[in-house]
Amino acid sequence: MFNTSLGIDDLIFLAQGAGMTILVTAIAVAIGTVLGIAFGIFRYQAGPVLAAPVTFVLDLFRSIPLLIQLVLANAFIGTVLRLKMSGFTVACAVLSLYTAAYCAEIVRGGIQAVPSNTRRAARSLGMSWFQDMTHIVLPLATRIALPSWIGLALGVMKDSALVYVVQVTELLKSTQILITRLQEPLFLLLICGAFYFIISFPIARFGGYLEKRWSND
Amino acid sequence: ADMLDDVISSGTLRCAVVLDFPPMGMRDKDNKPAGFDVDYCNDLAKALGVKAEMVETTFPERIPALMSGKVDVGVASTSDTLERAKTVGMSVPYYAFEDAVVANEKSGIKTWEDMKGKTVGATAGTYEAIWLEGKVKEWGTGTFRPYQSQADVFLALSQGQIDATVATTEVANSNIKSGNFPGLVNAGKTPMVPDYVSLFTRRDEYGFINYMNLFINQQVRTGRYAELYHKWIGDGEPADLTIHGVYR
Amino acid sequence: MFHYTFHWNQAFQKLPQMLDGALVTVEIALASMVLGIVFAVLLTGARLSGWRTLSALATGWVEIARNTPALFQIYMAHFGLGSFGIHLSPFTSLLIGITFNNAGYLAENFRGALKAIPETQTRAGRSLGMTGVQAFGWIVLPQMLRISFLPMTNQMVWAVLMTSLGVTVGMNTDLYGVTQALNAISFRTFELFAIAAAIFYAITKIITFGARLLAARLFRY
Amino acid sequence: MIEIEKVRKSFGQLEVLKGIDLTVKNGEVVTIIGGSGSGKSTLLTCINGLEPIDSGSIKVDGQDVHDKRTNLNKLREKIGIVFQQWNAFPHLTVLENVTLAPRKVLKMSKAEAEEIAVRQLRHVGLGEKLSTYPGRLSGGQQQRMAIARALAMSPEYMLFDEVTSALDPQLVGEVLDTLRMLASEGMTMICVTHEMKFAREVSDRVAFFHKGVMAEIAPPEELFGAPKTAELQQFLAATH
Amino acid sequence: MIEIEKVRKSFGQLEVLKGIDLTVKNGEVVTIIGGSGSGKSTLLTCINGLEPIDSGSIKVDGQDVHDKRTNLNKLREKIGIVFQQWNAFPHLTVLENVTLAPRKVLKMSKAEAEEIAVRQLRHVGLGEKLSTYPGRLSGGQQQRMAIARALAMSPEYMLFDEVTSALDPQLVGEVLDTLRMLASEGMTMICVTHEMKFAREVSDRVAFFHKGVMAEIAPPEELFGAPKTAELQQFLAATH
Ligand SMILES: Nc1ncnc2c1ncn2[C@@H]1O[C@H](COP(=O)(O)OP(=O)(O)OP(=O)(O)O)[C@@H](O)[C@H]1O
Ligand SMILES: Nc1ncnc2c1ncn2[C@@H]1O[C@H](COP(=O)(O)OP(=O)(O)OP(=O)(O)O)[C@@H](O)[C@H]1O
Ligand SMILES: [Mg+2]
Ligand SMILES: [Mg+2]
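Protein sequence lines correspond, in order, to chains A, B, C, D and E. Mapping of the first sequence onto this note's numbering: position 152 corresponds to residue 152, and the numbering continues sequentially without gaps. Going from the second sequence to this note's numbering is simple: count from 1 and add 217. Going from the third sequence to this note's numbering is simple: count from 1 and add 465. Going from the fourth sequence to this note's numbering is simple: count from 1 and add 686. Going from the fifth sequence to this note's numbering is simple: count from 1 and add 926.
In case anyone wonders, no lab produced these hints; they're calculated from the structure. Honestly, I wouldn't trust all of these hints.
To be verified - Here are the simulated lysine-lysine pairs, DSSO-like style, with alpha carbons at most 27 Å apart:
#1 E:Lys1004 x E:Lys932
#2 D:Lys897 x E:Lys1036
#3 A:Lys212 x D:Lys815
#4 E:Lys985 x E:Lys1030
#5 B:Lys303 x A:Lys84
#6 E:Lys932 x E:Lys1137
#7 B:Lys303 x B:Lys323
#8 B:Lys263 x A:Lys84
#9 E:Lys1123 x D:Lys883
#10 D:Lys692 x D:Lys754
#11 E:Lys1030 x E:Lys1055
#12 B:Lys303 x B:Lys333
#13 E:Lys1036 x E:Lys1055
#14 D:Lys711 x D:Lys760
#15 E:Lys994 x E:Lys1033
#16 E:Lys1030 x C:Lys580
#17 D:Lys711 x D:Lys692
#18 E:Lys1137 x E:Lys985
#19 E:Lys1137 x E:Lys951
#20 B:Lys268 x A:Lys84
#21 A:Lys84 x B:Lys249
#22 B:Lys246 x B:Lys354
#23 E:Lys1137 x E:Lys1123
#24 D:Lys760 x D:Lys790
#25 E:Lys1055 x E:Lys944
#26 A:Lys212 x C:Lys670
#27 D:Lys796 x D:Lys815
One chain only, chain A, in its complex shape:
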């Protein structure tokens, strides 16, 4: 384990994988959050009946293994529709919707947690629905939802390990490639695990801290 044949090039190779993990995560979380906010507000505002189709579709993304979502999307886009789309694009698209599905729940919960009297106070001051949303509800919902949202973003980063099925070489896949060549599974896996941990742990802690701080006032 200590006399490894892991070279500097290999580390760069791993770093590229890590970069891919972060890139895919960043894109998915960015798009997924925007969509999630839209879906979340829609679900809250439209009521259960009108929102039912959206609710159903979003629920699918939370009820089917991500691995299958990726395989199916890949097969559908490429095999059935015969569109030429890179694995990277497919991965980002699926992960974005996957993120959006969870994010919508978080947003809806956040909005619901804003006390109705606070909203009434805003409306009573003559603010319009939109002003109430932008100045009162979303800022407050953000505070309530941010810890869960951080959890979601980290979850997406960890789940992005599955995009190897659409031929995207992210961190875990890069690690497996190096294992193939160097045959030092334990050492390489520990490096890989440590990387995820080093990114995830402080951010998760920060989320916990925010949650504690904001629930106190």
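Fit chains B, C, D and E with the ligands to the given chain A structure using the hints.
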């Protein structure tokens, strides 16, 4: 335009290659793709006058990668089974393997028949895996485990998670020789019929399939086939790609 | 409209095999949940024990489980332990991986739930002459399980979804493994995985629905 | 002037207001008392159009609140309301709480809004707390901030819904003092309250609600001194 | 008899009880009043051993509460205590709340425990609510249930810690009535309360706590009629 036109006009040929299958496909010390299949893809691209792009896939994913439009052609040591031919179009064989049993010394396996009752494994979705799983079922004893990649199979084998695997002679020798896996032995040939492997592309791309057939023919005629064999596999004669007694 | 001809028939013929796989998937998920809850209770106890080493070990478990990919954990359970000469079947490796993950998430949850129960509840129990253990068992624990019930349901759904990662350690009898094996032979990728998706969806719905019924029976307050 | 006529309102099956009639003249202070669930809060939220009504009419300065053509946001500018709880916008400082609506709704400049806000906050005794967040304020201070916030819109009417009932007994006094001050300044007010002493002292008229009906309405001496209905007698006895 | 002698108690740096002496005879009702943080609740939790003390001694029927050899669980069976809030076990019905301790601690049979429980619940006026969950009860009913639960252990002493202060004004009366009833039945009680009227009416003696010291103790007429210390005068003035 059909795919042949598309590839030529796009300027890139995207090949599905499996890179944990030395010496056919692997990564060199710079983690760049290398191996018989990689060179073969490069040759095909050169013949078409385009650039080659290697898209790494696992064994189970190589056909889905083609079907979902991620690649134009598979150069991935793909056995030309009739089942697969229902989905993709196969060229004439461009290589032929013989398979050998690779065992962990401790298992005491000396011939392929000793595998009976043991825990064996192979790469999910490969010709060997399908044969071996069939054998385990036929024996009615022992366990078969499919792994996602050849690397995981050898990892499992060297850790002792499985007792033996079936791999092409080339892969078996290359892995044993690499010294990465102490304690592995070649336990002789299997009674499998030689494993002819083809290039594949979409089933309805006759133009392209025709082109590939002629290309394979040219590789043999020009001696490039033998040259690649010596470069990657070693001394000796490359397998005969014709089968006595039938047309193809 | 599509250039693709669906072969649903061929795929549907494999339904019995896939349903057998679904059964294995549910078995693993259930077993990993039961074990996960047991370990989570132990971990929670360890973290509150005040014994430094024990508490640090438990916290380590919880944080690793929560901060690395499940795929990584399952891979480690097979090949990581394999490096130490511990050989586990794919089934066991998968079960260990998912249990490890479940226990970590649930322990964190239990800790939060405990915090949400006012200390006066224990005090009220103790004032009635109950021992600490009695007060915990009769008063705190039931309330903790109720607060954690929804998260436990979610974790159960997660456990089902995580079984799909078993293929990386050679699992071929669960729903995803069976589907992949069938796909390797026929390559009706879309059809086969669409059916698998529908089965997974049904399983998760049955779980959430069942949990709701159970909750209505268990928690009438 | 607020004119409430035959207002009926149900939530699903439950009829919460069963035909309420009430006219509040400018400068008048009307207090509403009554048991829990008798519909007091509901009436207030109907007055500024936060809740629709089923029948009857509510007119503020002659304008029908529940007419579709009424611009409610506009109308609400002149009706301030303060609730029992969660009045503060916790993510904004005290000053921002008060300036938000003048700036966004009345489109005042920041300086202008702040000038008014500071004046109103001083008025309710919060001149020192401008850049504090509500989370750091006591409940009584939060309620006074909410009053200042409503006043900053220069409303002509103020509605108060049990503004002291979520407060610790020690803090009740400071909020009631603020209300007394407003009353003495001639603000038209409707106050729902449980504080009988306050009601007696400050109101021109006190209304007693019982199960969605305004069972009695009279000047305080009369209502408290000689309750007519058995329900009011009981209610007053219970709250001693 | 409860004998409290020179009891001192600190939380970290903060000395909360600074030498308290108090003897409560059987059948006596002692009320404790005093400002927030003066150590009233702390004293009660020390009496039944929920909190350890730093020095001094507390004896109940001659048995030292803080002696290591004392079986506290046993001792607590004869000291009932009811807190300000979160007394009810929300996951159990009213009947189960009351029978839990008799069954698990006193090892009564289910039938026996239920018989006692029903009797006590009727006693506090909850005979109709046996299979209701506490979440469905009003705050006052919850507190009365907590009292019944303590009574079901047949305690000889009852400690009450501001049992009405989390309640709506309407609900205070019903709980105080229950306490009055207990007092009239001769139960030995220590009640911490903010309700001066109640204290005056029901107590044999009233103790005034101030900053961890028992500043005054006297029969109610004397204590309320002629407060000696400036602190008590101030305190009484503030609570009018
Ligand atoms: N949004 C709502 N949906 C359904 N029912 C409601 C709603 N708001 C109030 N109610 C019901 O209407 C009735 C009257 O409520 P309201 O809040 O007006 O009473 P109140 O007189 O203000 O009582 P309190 O003194 O407790 O504040 C109650 O039974 C309440 O449960
Ligand atoms: N567990 C504890 N840890 C630290 N400090 C405590 C603890 N319990 C009480 N205190 C502190 O001890 C002091 C006395 O508290 P106590 O609850 O006895 O006062 P009290 O007289 O009952 O007041 P109140 O009328 O507000 O209930 C307070 O300053 C309180 O903050
Ligand atoms: Mg109300
Ligand atoms: Mg107290």
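Hint by hint, here is what the structure shows:
The suggested pairing of lysine 1004 of chain E with lysine 932 of chain E holds, with an alpha-carbon distance near 23 Å, which does not exceed 27 Å. With a C-alpha separation of about 42 Å, the suggested pairing of lysine 897 of chain D with lysine 1036 of chain E is violated against the 27 Å cut-off. Between lysine 212 of chain A and lysine 815 of chain D, the direct Cα distance comes to roughly 25 Å. Compliance with the 27 Å bound is thereby established for this hinted pair. Our distance criterion of 27 Å between C-alpha atoms is met by lysine 985 of chain E and lysine 1030 of chain E, whose separation comes to about 26 Å.
Distance check on the hinted pair: lysine 303 of chain B and lysine 84 of chain A sit about 22 Å apart at the alpha-carbon level, within 27 Å; holds. At roughly 15 Å between alpha-carbon atoms, lysine 932 of chain E and lysine 1137 of chain E fall within 27 Å of each other, so this suggested pair holds. Restraint check for lysine 303 of chain B and lysine 323 of chain B: not satisfied, since their Cα atoms lie roughly 41 Å apart, outside the 27 Å limit. Note on lysine 263 of chain B and lysine 84 of chain A: the hinted pairing holds, with a Cα-Cα distance of about 23 Å set against a maximum of 27 Å.
A C-alpha spacing of about 17 Å is found between lysine 1123 of chain E and lysine 883 of chain D, which places the hinted pair at or below 27 Å, so the restraint holds. Straight-line distance between C-alpha atoms of lysine 692 of chain D and lysine 754 of chain D comes to about 19 Å, which keeps the hinted pair within the 27 Å bound. Between lysine 1030 of chain E and lysine 1055 of chain E, the direct Cα distance comes to roughly 22 Å. Compliance with the 27 Å bound is thereby established for this hinted pair. Among the hinted pairs, lysine 303 of chain B with lysine 333 of chain B is inconsistent with the structure: their alpha-carbon atoms are about 32 Å apart, more than 27 Å.
Taking the CA atoms of lysine 1036 of chain E and lysine 1055 of chain E, the gap is about 18 Å. The hint holds against a cut of 27 Å. A C-alpha spacing of about 21 Å is found between lysine 711 of chain D and lysine 760 of chain D, which places the hinted pair at or below 27 Å, so the restraint holds. Note on lysine 994 of chain E and lysine 1033 of chain E: the hinted pairing holds, with a Cα-Cα distance of about 24 Å set against a maximum of 27 Å. For the given pair, lysine 1030 of chain E sits about 25 Å from lysine 580 of chain C by alpha-carbon distance, which is consistent with the 27 Å threshold.
This hinted pair checks out: lysine 711 of chain D and lysine 692 of chain D have alpha carbons roughly 17 Å apart, not beyond 27 Å. Distance hint between lysine 1137 of chain E and lysine 985 of chain E is fulfilled; the C-alpha atoms sit about 23 Å from each other, no more than 27 Å. Distance restraint check for lysine 1137 of chain E and lysine 951 of chain E: the Cα-Cα separation of roughly 25 Å lies within the 27 Å cut-off, and the hinted pair is therefore satisfied. For a cut-off of 27 Å, the pair hint linking lysine 268 of chain B to lysine 84 of chain A stands: about 18 Å separates their Cα positions.
For the hint pairing lysine 84 of chain A with lysine 249 of chain B, the CA-to-CA distance comes to about 25 Å; that is within 27 Å, so the pair holds. Using a Cα cut-off of 27 Å, the hinted pair lysine 246 of chain B and lysine 354 of chain B is violated, with the two alpha carbons roughly 40 Å apart. For the hint linking lysine 1137 of chain E to lysine 1123 of chain E, the alpha-carbon distance of about 23 Å falls within 27 Å, and the restraint holds. Between lysine 760 of chain D and lysine 790 of chain D the alpha-carbon distance is near 12 Å, which keeps this suggested pair within the 27 Å criterion.
In summary, the hint linking lysine 1055 of chain E to lysine 944 of chain E is not supported, as the alpha carbons are separated by about 43 Å, beyond the 27 Å threshold. Taken as a hint, the lysine 212 of chain A and lysine 670 of chain C pair is broken in the structure, with Cα atoms around 33 Å apart against an allowance of 27 Å. At roughly 18 Å between alpha-carbon atoms, lysine 796 of chain D and lysine 815 of chain D fall within 27 Å of each other, so this suggested pair holds.
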